[in-house]
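Whole structure, please, built from the sequences with the hints as guidance.
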Amino acid sequence: MNKFKKYIEETSKSIALPLLAFFLAILSGGLLIAFSDPKIYKLWKSPLEFLGTGFASAGHAYLALIQGSIFDGNLTSKNFLLGFYPLSETFVVAAPLILTGLSVTLAFRAGLFNIGAQGQFIFGAIGASYVGFHYNLPPVIHALAAILGAIVLAGLWGGLVGFLKARTGAHEVIVTIMLNYISVYFLLWLLSTQTFLRKGRQDPIAPPVNENARLPKLFGMDYRINLGIFIALGVAYLIHILLSRTTWGFQFRSVGANTLAAKTAGMSVPFVMTSVMVICGALAGLGGAVQVMGSEYALTAGVAGSFGFDAITVALLGRAKPLGTVLAALLFGALRAGGLTMQANTTTPIDIVLVIQALVVLFIAAPAMVRAIFKLKNVKSGTDMAAKGWNG
Amino acid sequence: MSVELRGITKSFGALVANDGIDLRVETGEIHAILGENGAGKSTLMNILYGLLSPDSGQILVDEKPIIISEPSDALAAGIGMVHQHFMLIPVFTVAENIVLGHEKVNGFGVLDLEKARSEIARISKEFNFDVDPDAVVETLPVGIQQRVEVIRALIYNAKVLILDEPTAVLTPQETDELLQVMKNLKKQGTSIIFITHKLREVQEAADRITIIRRGKIVGTALPTASQEDLASQMVGRPVDLTMNKSPAKIGKTLLEISNLTVTDSTGRELIHDISLDVHAGEIVAVAGVQGNGQTEFARAILNLEEHVSGSILVDGKDILGETVRGSLHSGIAFIPESRELDGLIGSFSIAENLILDTFDLAPNAKGLLMSPNTVTNEAVKRITEFDIRSQGANELVSSLSGGNKQKVVLARELSRPVKIVVASQPTRGLDVGSIEFVHEKIVQERDAGRAVLLFSTELDEVFALADRIAVMYRGTIIDIVPATISRSDLGLLMAGVKPKVSS
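Here the protein sequences come in this chain order: A and B.
Under this note's numbering, the residue at position 32 of the first sequence is numbered 32, and the numbers go up by one with no gaps.
Under this note's numbering, the residue at position 140 of the second sequence is numbered 140, and the numbers go up by one with no gaps.
Please note that a few of the clues may not be correct.
[To be verified] Taking CB as the label site, the calculated pair distances span:
| # | chain 1 | residue 1 | chain 2 | residue 2 | range |
| --- | --- | --- | --- | --- | --- |
| 1 | A | THR76 | B | ALA14 | 51 to 61 Å |
| 2 | A | ALA366 | B | PRO90 | 50 to 60 Å |
| 3 | B | LEU368 | A | TYR7 | 24 to 34 Å |
| 4 | B | LEU396 | A | LEU148 | 39 to 49 Å |
[Said to hold, decoys possible] List of simulated lysine to aspartate or glutamate pairs, DMTMM-like, C-alpha gap at most 20 Å:
| # | chain 1 | residue 1 | chain 2 | residue 2 |
| --- | --- | --- | --- | --- |
| 5 | A | LYS263 | B | ASP73 |
| 6 | A | LYS13 | B | GLU395 |
| 7 | A | LYS263 | B | GLU337 |
| 8 | A | LYS263 | B | GLU306 |
| 9 | A | LYS5 | B | GLU296 |
| 10 | A | LYS263 | B | ASP22 |
| 11 | A | LYS6 | B | GLU337 |
[Stated by the list, open to error] Some, not all, of what chain B presents toward chain A, calculated at C-beta under 10 Å:
| # | residue |
| --- | --- |
| 12 | ALA121 |
| 13 | SER124 |
| 14 | ARG325 |
| 15 | SER327 |
| 16 | SER338 |
| 17 | GLU340 |
| 18 | GLY346 |
| 19 | ASN353 |
| 20 | ASP360 |
| 21 | ARG412 |
| 22 | LEU414 |
Derived by calculation from the structure, the hints in this document are not laboratory data.
Virtual Cβ for every residue (Gly too), placed ideally from N, Cα, C.
Structure follows, in structure tokens:
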């Protein structure tokens with residue numbers, strides 16, 4: 001019983017900061033929405049109406065956000081279950097985000113700051129796409145082959161970072177930022193080559209992956225939701241096991257928490273750096289595969305969206321824990337999916353979602369501020385891992 | 001100038017660091033504050049110097065109550081402090097360091113150091129300090145750097161000088177010189193508060209001694225009190241300061257180091273041509289002043305250094321160039337110099353720290369999967385065996401006291417099958433009780449037939465444990481002497497001077 005109480009206490013301490021940061025971000029986002037509505041500026045003179053309108057526009061926007069991410073009553077006329085279409089969209093967006101988020105999370109735990117999920121995602125997408133459209137393989141096997149292609153390519157791309165760091169001490173932050181550029185332009189070049197051009201088209205879009213290489217849809221053709229979300233959840237569980245139960249995870253965590261002590265105890269820091277980055281690359285690459293094989297089907301220049309960059313926010317919000325990362329990715333998936341509906345149904349631009357995301361990071365990175373606002377003590381700081389990433 | 005603290009209380013959460021402390025320091029008195037690590041000495045001094053504010057209590061200077069809320073208030077009241085870790089900028093000159101924060105400029109807005117220079121020269125002459133105002137601080141020996149700190153306090157008219165563990169970084173000779181400086185200052189009417197846990201220095205320099213234990217004053221004593229008496233007041237139970245050990249039963253050579261040379265990446269030699277044998281059943285102490293290459297020597301044995309030549313035979317097998325892991329598992333237990341930095345992972349539990357170098361071996365793991373239950377059960381056994389005071393195997397190491405942290409390191413390293421124990425400063429920063437424990441364990445290891453190589457900068461420790469003493473100076477071993485050498489001869493050797501009759 002005592003143990004349970006302690007566990008609850010510990011957990012509430014460590015999730016207090018992300019929750020409060022999110023709450024603050026929603027609050028400030030609400031203010032921004034209210035003030036972005038031109039109507040409000042004509043109501044200075046009547047404070048009551050002023051406030052009312054402000055609340056109304058923020059309320060409408062957030063309601064639309066929920067409609068776009070969880071349940072929309074307007075869609076239920078044909079079939080009640082269709083009302084959950086927005087929720088399925090949330091999962092579609094969240095699946096790749098969970099995987100890239102895990103990539104950043106795992107790196108954090110080993111003391112590395114992986115800014116390169118974006119590039120690794122791109123290489124994963126390239127691998128999945130190429131295997132997906134270039135070969136003709138039986139069902140299941142083709143999908144597995146495409147995933148393998150993505151993992152190998154992105155794993156090598158990520159591993160390169162770890163190898164460079166282990167061998168030369170090159171800082172992974174700088175290296176991954178640079179490799180992101182290379183990835184983006186490599187993709188653009190690739191899309192202009194004969195191999196990747198669709199027959200009869202000149203615009204940069206690769207042929208669609210074969211039916212056999214697509215991830216099966218979960219609830220029929222009305223929904224885009226596919227096996228990707230289960231792949232993501234399963235991998236998250238595997239990463240949890242890797243970190244908490246395996247000898248590799250033990251080494252990763254040791255190097256991340258105290259490199260000197262790990263080295264003195266005989267662990268091989270170069271091995272850890274390289275292998276962690278291989279796995280991180282593979283994770284982000286798997287995200288790319290899920291995106292290509294699950295919802296996009298074709299490789300385009302914008303295939304990666306901002307999955308690799310949002311991943312950093314997701315990992316921070318998830319406190320570099322697999323479960324936290326999953327929850328944070330679901331949240332961000334909801335924001336992304338809902339943002340579209342919000343823009344369509346109200347005058348609020350989707351950019352407000354980006355602002356909320358940015359505010360979440362800001363508040364998480366400034367725990368002192370959150371503590372001061374809520375007069376809290378003992379809330380665990382969220383900057384430790386980010387700081388460690390830099391110093392590593 | 002006299003200083004009086006009345007009823008000073010300061011808590012950090014549930015921990016009461018200072019509990020109603022009354023202390024009076026008279027004009028021209030050297031007042032030693034003796035206490036174990038964590039007894040609350042530093043907290044008290046940080047309160048007096050304005051770095052912490054007390055929860056309750058009063059500070060009086062010359063019978064008048066004053067409020068000190070930051071160090072500048074303390075300086076203005078005539079209270080100066082020399083910290084254990086110097087607050088000097090290494091690339092600046094002495095004069096530049098001293099004017100730091102009080103810079104004067106001439107008519108053109110250019111920094112004017114002339115006045116500072118002449119002041120430094122005056123004080124240096126007055127107290128026989130021998131400090132050159134234009135020397136760059138990083139080129140000065142530690143003892144002189146410390147004097148720069150003292151001068152800084154004096155230049156701003158400190159009448160009460162707080163010295164926080166000032167001898168921790170000094171050679172025996174430098175320590176003697178510092179004690180002399182303190183006596184000179186005292187003659188000029190400066191009061192000194194001398195914080196330490198070293199009994200010998202207290203007896204030598206102090207006029208009065210106040211002993212603090214667990215945040216409370218537990219007694220006062222005169223320097224004539226016996227060491228045993230002081231120590232037992234400090235620890236709160238009778239302490240036996242003499243290590244009872246039987247004569248060494250020397251066995252075969254287990255560790256044979258020949259021509260060991262370590263360079264840094266630029267090719268500069270860090271240690272030079274060291275040869276040393278350690279036999280089963282003996283303790284060889286490597287004595288020397290901190291920073292003479294002991295760190296690199298110890299690390300080189302575990303292949304933690306990169307540019308090494310020579311040979312390291314462990315029971316006849318050369319391990320030079322092995323991995324760190326290979327070296328550890330060739331039969332060496334390694335107690336690294338810093339528990340916090342390279343010995344332990346603070347954010348890991350005791351159980352996890354106990355398997356840092358055996359995490360992937362049976363029974364801790366089967367293949368890739370670890371066995372958390374076995375790990376925890378083993379940890380519970382170790383905790384009892386090594387008397388690690390904790391709330392259980394899952395407690396984080398960072399929340400343990402220094403002594404218990406070191407016990408975790410010992411428990412980890414001595415529970416593996418080893419032939420050799422390499423212990424680097426194993427009692428640095430520990431309280432008397434923990435030192436006793438560590439010493440007993442080290443002697444037990446010796447008596448169990450292991451070869452023990454002990455690196456220590458503490459003469460007391462060297463004399464308590466060593467069967468032979470190797471003296472390190474400037475990266476090499478200048479002499480290997482029997483443990484019967486006199487304290488003063490060993491002090492000279494540590495300063496690089498070979499006594500005429502070397503044994």
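Status of the hints after comparison with the structure:
1. A:THR76 - B:ALA14: 51 to 61 Å: With a Cβ separation near 56 Å, THR76 of chain A and ALA14 of chain B satisfy 51 to 61 Å, so the hint holds.
2. A:ALA366 - B:PRO90: 50 to 60 Å: Given a distance of about 33 Å, which is not inside 50 to 60 Å, the answer is violated.
3. B:LEU368 - A:TYR7: 24 to 34 Å: Holds, at about 27 Å.
4. B:LEU396 - A:LEU148: 39 to 49 Å: holds, 40 Å
5. A:LYS263 - B:ASP73: At roughly 45 Å apart (the allowed maximum being 20 Å), ASP73 of chain B and LYS263 of chain A break the hint.
6. A:LYS13 - B:GLU395: holds, 17 Å
7. A:LYS263 - B:GLU337: holds, 14 Å
8. A:LYS263 - B:GLU306: holds, 13 Å
9. A:LYS5 - B:GLU296: violated, 47 Å
10. A:LYS263 - B:ASP22: violated, 47 Å
11. A:LYS6 - B:GLU337: With Cα atoms ~34 Å apart, LYS6 of chain A and GLU337 of chain B exceed 20 Å; violated.
12. ALA121: Check failed: Cβ of ALA121 of chain B comes no nearer than 42 Å to chain A, outside 10 Å.
13. SER124: With a closest approach of 40 Å, the SER124 of chain B hint is violated.
14. ARG325: Since the shortest Cβ distance to chain A is 3 Å, the answer is holds.
15. SER327: holds, 8 Å
16. SER338: Holds, about 8 Å.
17. GLU340: holds, 9 Å
18. GLY346: This interface hint holds because 7 Å falls under the 10 Å limit.
19. ASN353: Constraint on ASN353 of chain B satisfied, holds at 8 Å.
20. ASP360: holds, 4 Å
21. ARG412: holds, 8 Å
22. LEU414: Not OK, violated: LEU414 of chain B not within 10 Å of chain A, min 15 Å.
Checked against the numbered hints listed earlier, the structure breaks hints 2, 5, 9, 10, 11, 12, 13 and 22; every other hint is satisfied.
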